[in-house]
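K.L.:
Sequence:
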Amino acid sequence: MPDLLLELRSEEIPARMQRKAAGDLRKLLTDGLVDAGLTYEAAREYWTPRRLALDIRGLTARSKDISEEIKGPSTKAPEQAVQGFLRKAGLASIAEAHVHSDPKKGDFYVAHIAKPGRPAEQIIAELVPGIIRNFPWPKSMRWGPASAKPGSLRWVRPLQSILCTFGPETEEPVVVDFEIDGIRSGNVTYGHRFHAPGAITVRRFDDYVAKLEAAKVVLDADRRKEIILADARNLAFASGLDLVEDEGLLEEVSGLVEWPVVLMGEFEQDFLAIPAEVIRLTIRANQKCFVTTRQISPLEGEMSPKATEGVASRGSAASPVRDRESRQVVPTPSGLPAISPSRGEISQSPLSNRFILTANIEAKDGGKEIAHGNGKVVRARLSDALYFWKTDQGDLPDLDQLQASAQKFGLDLKKPLDQRMARLDHLNVTFHAKLGTQGERVERIKRLAEELAPLVASSISPLEGEMAGRPEGVAERESPASSVRDRASRQDVPTPSVAFGDISPSRGEITALARRAAVLAKADLTTEVVGEFPELQGAMGRKYALLQGEHPSVAAAIEEHYKPQGPSDRVPTDPVSVAVALSDKLDTLVGFWAIDEKPTGSKDPYALRRAALGVIRILVENEVRLQIAMQFIRSGRHLMAQLLQKEAGKAEARLAPMRAMEELSGKGLLSQLTSLSERASQLMFSDADVPPQDWEIDRARDLLAFFHDRLKVYLRDQGARHDLIDAVLAAGSRPISPLEGEMSAKPTEGGAVPPASHSVAPPSALPGISPSRGEIGQNDDLLQIVRRVEALGSFLDTEDGKNLLAGAKRAANIVAAEEKKKTTIADYVEPALFREDAEKALYAAVNQAERQAGEAIQNEDFSAAMLALSVLREPVDSFFEKVLVNDEDQAVRANRLALLARIRAATDRVADFSKIAG
Numbered sequence: 001m002p003d004l005l006l007e008l009r010s011e012e013i014p015a016r017m018q019r020k021a022a023g024d025l026r027k028l029l030t031d032g033l034v035d036a037g038l039t040y041e042a043a044r045e046y047w048t049p050r051r052l053a054l055d056i057r058g059l060t061a062r063s064k065d066i067s068e069e070i071k072g073p074s075t076k077a078p079e080q081a082v083q084g085f086l087r088k089a090g091l092a093s094i095a096e097a098h099v100h101s102d103p104k105k106g107d108f109y110v111a112h113i114a115k116p117g118r119p120a121e122q123i124i125a126e127l128v129p130g131i132i133r134n135f136p137w138p139k140s141m142r143w144g145p146a147s148a149k150p151g152s153l154r155w156v157r158p159l160q161s162i163l164c165t166f167g168p169e170t171e172e173p174v175v176v177d178f179e180i181d182g183i184r185s186g187n188v189t190y191g192h193r194f195h196a197p198g199a200i201t202v203r204r205f206d207d208y209v210a211k212l213e214a215a216k217v218v219l220d221a222d223r224r225k226e227i228i229l230a231d232a233r234n235l236a237f238a239s240g241l242d243l244v245e246d247e248g249l250l251e252e253v254s255g256l257v258e259w260p261v262v263l264m265g266e267f268e269q270d271f272l273a274i275p276a277e278v279i280r281l282t283i284r285a286n287q288k289c290f291v292t293t294r295q296i297s298p299l300e301g302e303m304s305p306k307a308t309e310g311v312a313s314r315g316s317a318a319s320p321v322r323d324r325e326s327r328q329v330v331p332t333p334s335g336l337p338a339i340s341p342s343r344g345e346i347s348q349s350p351l352s353n354r355f356i357l358t359a360n361i362e363a364k365d366g367g368k369e370i371a372h373g374n375g376k377v378v379r380a381r382l383s384d385a386l387y388f389w390k391t392d393q394g395d396l397p398d399l400d401q402l403q404a405s406a407q408k409f410g411l412d413l414k415k416p417l418d419q420r421m422a423r424l425d426h427l428n429v430t431f432h433a434k435l436g437t438q439g440e441r442v443e444r445i446k447r448l449a450e451e452l453a454p455l456v457a458s459s460i461s462p463l464e465g466e467m468a469g470r471p472e473g474v475a476e477r478e479s480p481a482s483s484v485r486d487r488a489s490r491q492d493v494p495t496p497s498v499a500f501g502d503i504s505p506s507r508g509e510i511t512a513l514a515r516r517a518a519v520l521a522k523a524d525l526t527t528e529v530v531g532e533f534p535e536l537q538g539a540m541g542r543k544y545a546l547l548q549g550e551h552p553s554v555a556a557a558i559e560e561h562y563k564p565q566g567p568s569d570r571v572p573t574d575p576v577s578v579a580v581a582l583s584d585k586l587d588t589l590v591g592f593w594a595i596d597e598k599p600t601g602s603k604d605p606y607a608l609r610r611a612a613l614g615v616i617r618i619l620v621e622n623e624v625r626l627q628i629a630m631q632f633i634r635s636g637r638h639l640m641a642q643l644l645q646k647e648a649g650k651a652e653a654r655l656a657p658m659r660a661m662e663e664l665s666g667k668g669l670l671s672q673l674t675s676l677s678e679r680a681s682q683l684m685f686s687d688a689d690v691p692p693q694d695w696e697i698d699r700a701r702d703l704l705a706f707f708h709d710r711l712k713v714y715l716r717d718q719g720a721r722h723d724l725i726d727a728v729l730a731a732g733s734r735p736i737s738p739l740e741g742e743m744s745a746k747p748t749e750g751g752a753v754p755p756a757s758h759s760v761a762p763p764s765a766l767p768g769i770s771p772s773r774g775e776i777g778q779n780d781d782l783l784q785i786v787r788r789v790e791a792l793g794s795f796l797d798t799e800d801g802k803n804l805l806a807g808a809k810r811a812a813n814i815v816a817a818e819e820k821k822k823t824t825i826a827d828y829v830e831p832a833l834f835r836e837d838a839e840k841a842l843y844a845a846v847n848q849a850e851r852q853a854g855e856a857i858q859n860e861d862f863s864a865a866m867l868a869l870s871v872l873r874e875p876v877d878s879f880f881e882k883v884l885v886n887d888e889d890q891a892v893r894a895n896r897l898a899l900l901a902r903i904r905a906a907t908d909r910v911a912d913f914s915k916i917a918g
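Taking my numbering, the leading residue of the sequence shown gets 1, the next gets one more, and so forth.
A few of these clues could be false.
[What the hints assert, rightly or not] Under the rule of at most 25 angstroms between Cα atoms (straight-line distance), these lysine-lysine pairs were calculated in the DSS-like manner:
id	residue 1	residue 2
1	Lys-809	Lys-821
2	Lys-820	Lys-809
3	Lys-20	Lys-71
4	Lys-822	Lys-915
5	Lys-139	Lys-603
6	Lys-64	Lys-115
7	Lys-139	Lys-27
8	Lys-915	Lys-809
9	Lys-27	Lys-64
10	Lys-598	Lys-563
11	Lys-376	Lys-364
12	Lys-71	Lys-27
13	Lys-88	Lys-76
14	Lys-802	Lys-712
15	Lys-364	Lys-225
16	Lys-434	Lys-712
17	Lys-211	Lys-225
18	Lys-408	Lys-368
19	Lys-809	Lys-840
20	Lys-216	Lys-414
21	Lys-149	Lys-20
22	Lys-288	Lys-408
23	Lys-64	Lys-88
24	Lys-915	Lys-802
25	Lys-563	Lys-414
26	Lys-822	Lys-809
27	Lys-115	Lys-88
28	Lys-288	Lys-376
29	Lys-288	Lys-20
30	Lys-821	Lys-915
31	Lys-414	Lys-390
32	Lys-76	Lys-211
33	Lys-390	Lys-415
34	Lys-882	Lys-802
35	Lys-88	Lys-105
36	Lys-809	Lys-712
37	Lys-840	Lys-802
38	Lys-390	Lys-376
39	Lys-288	Lys-216
Source of the hints: derived by calculation from the structure; they are not laboratory data.
Model the full structure from these sequences, guided by the hints.
P.N.:
The following block contains the structure:
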């Protein structure tokens, strides 16, 4: 079958657009061919900086003949309807139509349309010009004299030639002839701009690729990437260096060259005093070059990074590091954890002063001048970076203007990073027009971090999380997948305490460190380096913090509070980092919820979904217990207090001219109004036990529902069943009536008796928000939800679990049906009304299961709770086999329904079984 070759050659296409453009070309052309009645076997796109190419194999030579019938109006229809039919069918007169009869509808017109097939060349010649004219470039341009005319051709860069051939392998292909704005298609292309600029005549794809290769053009972008990577590795290795690989940069560089030639440049050793991240970004962003590191033998002792690079050296040999291949914990010779540059740390191997560049030509001098020229530019850029680095460590010129901000945050203006934080507040840098300045946001984060730090510290074991400072040096916690799928079978690896300081939560130091870290978390936003390279925010703050003597956990939190920034990013594990990261993300979420800027559909301009997922991962993977709904309210009050203060200040300024007259009148109403606003603001900021208001509860519930949606996505990604997640969330979302409280069972029952209208677990069994705090809901402990899903999944995999599921669902369905019919259900089970042994056995089993499950749930042992419920299996089966629920005696029926309600209530303590499939 024939093959189609299409090439669109132009001036250099921006590297970031090439891959997508080639994919768009393939989709547009193949879709158009299929719509025109052609079929094909395979299609693949190719691209270089100067061309987009498409190879379509097995394209049919001609479209099929088509016969179709178009049904028209009745033969008695008015003339207007008949004329509309003729236009639709493309008939000249009604005489060309056929008349068909229908026994019910009578006679009506039918047009028999025969469309003969068309040659593929004709279809292609009509299709390609339209695709070129309407190609979806992000940006396009016009050029030449024709650009002054309306409707002139637009392309990303000036289009120079079009190659289009079509034909089978056994015959000479033909040129598909068409023209667009003076550019006529042909069978000619051109090679490398400098090495082979002459015309090349091609027939089909195979010789097209071969001739381009001979003309110094590598058509396949993936092959160019392989060439660049292999040559770069080899060149670095030959110089005793290792290449720092960068997939994003490799993709970009492969789109800048048609004939890659890898060279090595260098710069002065003195520039290595700059942090490695800054050097790497300077060379990457400005020169599109790769950096290298020095190869260090284990016999050299894995030298510690320099203090100026932001990491203090340590000599402990106990620090474990995970081997990337075996994923086993192995000790490093020096005890220095392996740190990835992408994590904002210095690589274990220090950078060298040599870099790898990719040229597009084979120079006669072997590339010496090219390397020298790139080196000159790199030196100039690094000189700027060195200036930024040193400037950030010096004093600001306007310190006298920063005193108020320094006093506000308790800053020491002798320290450079404190100065930058004071300037950030002094300049009133806007975070969001409706949410205030960055300084106000830092104040909110600080207050929330102070509240969260003790809660986080109490959840993280001192051995696991005590001021790790650099979490890569601590053995990783179990992965989220293992947490959901197979917690029971995992082997726990004890993690040594890798503390930069011996800090115990009981000594209250974590709160002070979290407060300090929160204050400095955004300080580096005003530094010169971050101004040049925004992607280094946090990482540079950590380095500057260490240089001015901050506690390593404070420095680590400055960098790590932004994490995780994606599903593959790690989560912070140091308690200080965890507290500040949670505070930052919760403040963002609560703030944008307060101004009704929520994600909608595919739009999420403020990355709120990512922030919520970050909170979930931090809590679950660090096993932190947190009643998150109350934190929504606390964070919201911090925001409201600031807004009240700001509005009070504005009102004071506007009403100042009236104050003198008012004071003279003796009424003092303006003073009273200002004082009232100030007291309200202070109350919002205070720790007073003020019950949540209705509007706070509504907002917290809405945000909690958003978290539940993100938690479902997270757990499904880890392999959890969606119905189990829904079942657990449904069980915990039922509100607890203030009148119910924790209903006591009759002494003879051994368990609680829910009323007919509710089946809820008592607050003590499923910790949640108490009625006194506004009945926000019981599903705001995300870690507990994960554990319940986990336990439920394991239990339902057993035979007892499957059978109990069937019985519990049957019991719940019966009770629900009777409730719907408003059938009387007893308030509690009365043993005296039992007539069958199966009733007595089930009653005893329910009492036992409720008691044991309640104790297990209180101890957060949900596996034990499910095991306790499993004793219900046989009594439930026996009850439904031997007992008629709808007894003729109304009292007996009501009593048996109450017993079934007890089963529903018992299982609902872990999950709503009615939501589970099966």
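K.L.:
Which of the listed hints are not met by the structure?
P.N.:
3, 12, 16, 18, 20, 21, 22, 25 and 32
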